[in-house]
Amino acid sequence: MSDMIGIMQPDETDKALLALLEGNARISTVALARRVGLSRTTVQSRIERMERAGLIAGYTTVTPAHDADAVRAHVMITVTPRQAASVEASLRPIREIRELHAVSGMVDMIAIVGAGSTETINRVIDRIGMLDGVERTTSAIILSTRFRRRGGEPAS
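All residue numbers for the sequence shown refer to the UniProt record's numbering, where the first residue is 1 and numbers rise by one.
Hints were generated in silico from the structure; no laboratory data involved. There's no promise every hint is true.
Listed next, with one range per pair, are the computed distances between beta-carbon atoms [stated by the list, open to error]:
(1) T29 with V103: 19 to 29 Å
(2) A53 with D132: 35 to 45 Å
(3) T80 with G116: 24 to 34 Å
(4) D126 with V103: 31 to 41 Å
(5) E51 with E88: 20 to 30 Å
(6) A85 with L20: 19 to 29 Å
(7) A140 with P81: 21 to 31 Å
(8) S117 with Q9: 37 to 47 Å
(9) L143 with I94: 34 to 44 Å
(10) T80 with R34: 55 to 65 Å
(11) D132 with Q44: 44 to 54 Å
(12) A140 with G23: 22 to 32 Å
(13) G105 with R149: 36 to 46 Å
Using N, Cα and C, we set each Cβ at its ideal position, and we do this for glycine too.
Required output: the full structure, derived from the provided sequences and hints.
Structure representation (structure tokens):
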């Protein structure tokens, strides 16, 4: 395991810990330590180091459909030439935008939008379309999630 210029290369034990956490993010440190054959304090130190290195970016929950992200959409955004930075800056404050991706292909960006209703999604899409530098938007409302895969999970 080496930390070269802030880039951590996980060793086999780190990889085992990450796999266990991906399978169950609520597993106790004691249970993790037992599974990898290390002390609880050593496992805790490794977890903290991987958090600092960005290998563990946070903990998340999967919430019921009645939450604030009950309706989700992918909004594909075409930007006028040389306006990507200003469009990104204008999109950042829109709290319903959960993720923004720069992509290759027919569009320049994809915004992942989440809200409690289709009405709110519609308003957000309209707001995005009115931004200076946005040439066109195309959106797709997510009807259902058939499966979700994390990291190195095997296909089921």
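Could you check the structure against the hints above and give me the numbers of any it violates, in ascending order? Those not satisfied are hints 1, 4, 6, 9 and 13.
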